[in-house]
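For this note's numbering, add 1 to where a residue sits in the sequence shown, where the first one is 1.
Any given hint might turn out to be false.
To be verified - Between beta-carbon pairs, the in silico distance windows are:
| # | residue 1 | residue 2 | range |
| --- | --- | --- | --- |
| 1 | Lys138 | Pro229 | 18 to 24 angstroms |
| 2 | Gly59 | Pro229 | 41 to 47 angstroms |
| 3 | Asn207 | Ala65 | 30 to 36 angstroms |
| 4 | Val45 | Val93 | 29 to 35 angstroms |
| 5 | Gly90 | Arg132 | 26 to 32 angstroms |
| 6 | Tyr101 | Gly231 | 28 to 34 angstroms |
| 7 | Arg214 | Ala72 | 36 to 42 angstroms |
| 8 | Pro229 | Ala41 | 41 to 47 angstroms |
| 9 | Pro139 | Gly90 | 34 to 40 angstroms |
The set of hints was computed from the structure by calculation and includes no laboratory data. Even glycine gets a Cβ: it sits at the ideal position worked out from N, Cα and C.
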Amino acid sequence: MKAAIGSGVLRACTGLALLAALTACNEKDAKGSSEPDRLAQAQVVTEAALRAGLASYGQPQLRAVQSYVQAMPNTVAVCGQVNAKGASGAFVPFVTVLTYSDGADPVLEQHVALSDVEATRVYVETVSRCREEGGPKPTLRQAAPPLLPPIPANLPQVTQVTATTMMPKGTGRDQAQQAGPAASAAQDASGTLSMRQPGNLRTHPNGGGQVLRVVPAGTSLTIFGTAPGGWYQVGDASPEGWVHGSLVTLRR
Numbered sequence: 002m003k004a005a006i007g008s009g010v011l012r013a014c015t016g017l018a019l020l021a022a023l024t025a026c027n028e029k030d031a032k033g034s035s036e037p038d039r040l041a042q043a044q045v046v047t048e049a050a051l052r053a054g055l056a057s058y059g060q061p062q063l064r065a066v067q068s069y070v071q072a073m074p075n076t077v078a079v080c081g082q083v084n085a086k087g088a089s090g091a092f093v094p095f096v097t098v099l100t101y102s103d104g105a106d107p108v109l110e111q112h113v114a115l116s117d118v119e120a121t122r123v124y125v126e127t128v129s130r131c132r133e134e135g136g137p138k139p140t141l142r143q144a145a146p147p148l149l150p151p152i153p154a155n156l157p158q159v160t161q162v163t164a165t166t167m168m169p170k171g172t173g174r175d176q177a178q179q180a181g182p183a184a185s186a187a188q189d190a191s192g193t194l195s196m197r198q199p200g201n202l203r204t205h206p207n208g209g210g211q212v213l214r215v216v217p218a219g220t221s222l223t224i225f226g227t228a229p230g231g232w233y234q235v236g237d238a239s240p241e242g243w244v245h246g247s248l249v250t251l252r253r
């Protein structure tokens, strides 16, 4: 009787082990199959964005398009070449970075070598991103600093002395005047501009802002302000973001 019970328990354990192994294999296969789907979808989204952004030039032609999973989670880079002007044009490289979030469309950061400035950026992005596990690496969270030692309860009391410093007359006004321009680097401006090529609309100037969207070539925008480095604050009825002057033609 005991032998029968033991053999039954053994068969049950063996069955559970096989079921767990099969489940793990299925999860691994599902994860592996979802990666090619995302790469293919990223390529389709990129090609659609390129055709929309370069529509003012004609019918863009693409070749040598490849997708790469990046080191940062949920990030894919699509690299290739595009001919924006058909038979009269030449193929130039492009790099598009897609960042995915749960339940939302991917955010695109697109660079096409249609100018000297963008050609330099595309070269840097190509070297960094056009490979598996490319791009910036995820930053590791640093461990919490050690706790400070306890403060003794019997420290001697020290009388606090408040010193009053006399400021020369007019110094406060001068400092306020000097701080004024530095506190507000952006300046008001007016007029309109048009995109000479597709460009990234960013949340703030200096190239480090998050990309809000890619503005197609030929789009006309109203200028609401400027910032050092050749940046323009643009939008339709109200300010939406910043574009760099190397991508636009002014129409004041």
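- [ ] Starting from the hint list further up, note which numbers the structure goes against and sort them upward.
- [x] The structure conflicts with hints 1, 2, 4 and 7, although it agrees with all the remaining ones.
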